[in-house]
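**Q** Given next are the chains, with one letter for each unit.
There are 2 protein chains.
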Amino acid sequence: MPPPLRLQDLPPKSARFCLRVERFIRKDLGLDLKGKRLLVALSGGADSTALLYCLRYLAPRMCISLLAAHVDHGLRPESGQDAAYCRELCAAQNVPLYEAKLDVSGLAKQSGMGIEEAGRHARYDFFQKTLVGQNADLLLTAHHLNDLAEDALMRLIRGTGWPELAGMPAYDPQRNLLRPLLLTPGTNLREFLTNIGASWREDPSNTDPAFLRNRVRLDILPLFLRENPNFLESMARLWRIAELDRQFFLEFKTKLDISYDAGGKQFSVPLDALLALHPAIRLRIYKTLLDALASGQVLWKNLLRLDEAVLARRSGSRVQFPGGKQACLERSVLRFCAAS
Amino acid sequence: MPPPLRLQDLPPKSARFCLRVERFIRKDLGLDLKGKRLLVALSGGADSTALLYCLRYLAPRMCISLLAAHVDHGLRPESGQDAAYCRELCAAQNVPLYEAKLDVSGLAKQSGMGIEEAGRHARYDFFQKTLVGQNADLLLTAHHLNDLAEDALMRLIRGTGWPELAGMPAYDPQRNLLRPLLLTPGTNLREFLTNIGASWREDPSNTDPAFLRNRVRLDILPLFLRENPNFLESMARLWRIAELDRQFFLEFKTKLDISYDAGGKQFSVPLDALLALHPAIRLRIYKTLLDALASGQVLWKNLLRLDEAVLARRSGSRVQFPGGKQACLERSVLRFCAAS
Chain C
1449 MPPPLRLQDL
1459 PPKSARFCLR
1469 VERFIRKDLG
1479 LDLKGKRLLV
1489 ALSGGADSTA
1499 LLYCLRYLAP
1509 RMCISLLAAH
1519 VDHGLRPESG
1529 QDAAYCRELC
1539 AAQNVPLYEA
1549 KLDVSGLAKQ
1559 SGMGIEEAGR
1569 HARYDFFQKT
1579 LVGQNADLLL
1589 TAHHLNDLAE
1599 DALMRLIRGT
1609 GWPELAGMPA
1619 YDPQRNLLRP
1629 LLLTPGTNLR
1639 EFLTNIGASW
1649 REDPSNTDPA
1659 FLRNRVRLDI
1669 LPLFLRENPN
1679 FLESMARLWR
1689 IAELDRQFFL
1699 EFKTKLDISY
1709 DAGGKQFSVP
1719 LDALLALHPA
1729 IRLRIYKTLL
1739 DALASGQVLW
1749 KNLLRLDEAV
1759 LARRSGSRVQ
1769 FPGGKQACLE
1779 RSVLRFCAAS
Chain X
1449 MPPPLRLQDL
1459 PPKSARFCLR
1469 VERFIRKDLG
1479 LDLKGKRLLV
1489 ALSGGADSTA
1499 LLYCLRYLAP
1509 RMCISLLAAH
1519 VDHGLRPESG
1529 QDAAYCRELC
1539 AAQNVPLYEA
1549 KLDVSGLAKQ
1559 SGMGIEEAGR
1569 HARYDFFQKT
1579 LVGQNADLLL
1589 TAHHLNDLAE
1599 DALMRLIRGT
1609 GWPELAGMPA
1619 YDPQRNLLRP
1629 LLLTPGTNLR
1639 EFLTNIGASW
1649 REDPSNTDPA
1659 FLRNRVRLDI
1669 LPLFLRENPN
1679 FLESMARLWR
1689 IAELDRQFFL
1699 EFKTKLDISY
1709 DAGGKQFSVP
1719 LDALLALHPA
1729 IRLRIYKTLL
1739 DALASGQVLW
1749 KNLLRLDEAV
1759 LARRSGSRVQ
1769 FPGGKQACLE
1779 RSVLRFCAAS
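Residue numbers (my numbering), protein chains in the order written: chain C, 1449 to 1788; chain X, 1449 to 1788.
Chain C with its partners taken away, still in its complex shape (with noise of 0.2 Å):
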């Protein structure tokens, strides 16, 4: 028997399973999505299916339109039938495919990138141009509460600061990105696809230990989970915390006079108001400003270096971040300059 059509036909705990995503997008992150076109992407593997499902019941609901992107990297003999599967599953659920065949192997030799950064990249650019092209409004991606306890275990590792070390958003705005599905446990997606007797295709997960996030999954999440078996939850309740700070900080940032020019490539802060600040806010300002600026990751320890010169107001002092960003100290602004 196919999966039920419609969230008053599902057995009342998958009806709450979906109920629970929808309360996370419009409470906890203060989403009205009524009238928006959201673009699944999908890979036929487990979560991603939860998620289409999961929207699919809600989509009556929540005035929503579904569409779906699929991307068969090539690098699997059966990637074909996951494309397949996916063509069936949104023909069942009436949602729109749109599909990109990708040769992942020879763009990573092209590029000089490894296999899952090539892959990602090709990915996201098709997701992206996808999103443009079929006029959606947002991409949403099946990211899930151990996609999230792995992400901030790496974090903690490559040395991240506060807020951001609880891990990813699940909104980026800038990205038009969302994550419904963040704060729920792996498990309980597979549960559902269960108990309204959907099928997914199981997806070889990768096991490759040349990667970080693989060594993470593999070594480092079941030892955290061996001590605390509620580690899941309190990573869940550390990315709460983490984004009542996020938009905290973000208050003071608001109230500063900054002025941006015309192409978005440069920003310049004064410096009275900068010194009138705490310096747990400065920071905060500096690395929101940075973030914004271009692509780069922002290491803290540059973070720590400007403001340093900051406080000792040394003009003409520079530093520089990763991506060709710097921050220039002029006589009464903080410049933070993108290399052109």
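Some hints here could point you the wrong way.
As a list, the in silico BS3-like pairs of lysine-lysine whose alpha-carbon atoms are at most 30 Å apart [unchecked claim]:
id	chain 1	residue 1	chain 2	residue 2
1	C	K1749	X	K1461
2	X	K1701	C	K1475
3	C	K1749	X	K1475
4	X	K1713	X	K1749
5	X	K1713	C	K1701
6	X	K1703	C	K1703
7	X	K1475	X	K1703
For the record, the hints were derived by calculation from the structure and aren't laboratory data.
Guided by the hints, dock chain X onto chain C, whose structure is given.
**A** Okay, now just chain X, sitting in the frame of chain C:
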């Protein structure tokens, strides 16, 4: 040849080591210890021996006087030799030593605590008594950066929020406790001792996997160090960020009109003033007040529940916290009280 007696007679590298510790106390922690009597917790192991030497070299510059306290737990056959070593060291360095010999096994049986916990309790009891009895100002312990990183990982496991997540404080005024080596890597302490020609007692480090701390030290921390050889440095940076945030959050508390009852067993905070603050700040105010009230770990889960009640102004509702503490919502104030 015994270690030099004065800072100016040390090899330059070792002198710089001591001066960095002084700078950490003075600049990072903002403490002026001039004229203070400092009690060093001395086990005779490398860490506390390094702390004693380092402070001994700094004493004339910093105008501090030193005392030491050693506890013989009577748990290992060589514990008498550790005590003898401490006596010799303190005699040679001209530091008065206060000693206690405890029957930790007996205390553990009596109290029903584990050996490690009973030992820690008895040890700190003796340190606090010596602090008072000898009219000393602060207890100094030799916790270093490896201890800090282990502590932060344990806090992550247990689901601690921010800024406590980054690890133990370097200065705890409530306990008159100072940890001057907290940002110094453990290996630097042994290197310092070797460079000045000092010996120490090899402490058979506890490897019993029954304790979380040992599992973190032996299984978890090495994985993080393998992924990022500068992980300790990253954790020191994270701790600095947490310190900034802690100070910043505290500033909001000082602006509130909090009423304290005579015995410090009760605080009340005007609701309107609380509701005017950002939730990120409200949560930290609850936490600080509950921590000041009595011992008992404050869980973020409960803080979040309390904030829901405050936001909804649910007069009459109570939230319980470990250690018999509770928060009661009244019409115009939020009252925190400890069990009497």
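**Q** Evaluate each hint against the coordinates.
**A** Right, here's what the structure says about each hint:
Taken as a hint, the K1749 (chain C) and K1461 (chain X) pair is honoured in the structure, with Cα atoms around 24 Å apart against an allowance of 30 Å. The straight-line distance between the Cα atoms of K1701 (chain X) and K1475 (chain C) is roughly 28 Å, inside the 30 Å bound, and the hint therefore holds. Between K1749 (chain C) and K1475 (chain X) the CA atoms are separated by roughly 18 Å; this keeps the pair inside 30 Å, and the hint holds. Between K1713 (chain X) and K1749 (chain X), the direct Cα distance comes to roughly 23 Å. Compliance with the 30 Å bound is thereby established for this hinted pair.
With a C-alpha separation of about 39 Å, the suggested pair K1713 (chain X) and K1701 (chain C) falls outside the 30 Å cut-off, and the hint is violated. Taking the CA atoms of K1703 (chain X) and K1703 (chain C), the gap is about 20 Å. The hint holds against a cut of 30 Å. For the proposed pair K1475 (chain X) and K1703 (chain X), the alpha carbon gap of about 25 Å is at most 30 Å, so the pair holds.
Hint 5 alone, counting from the list given before, is not met by this structure.
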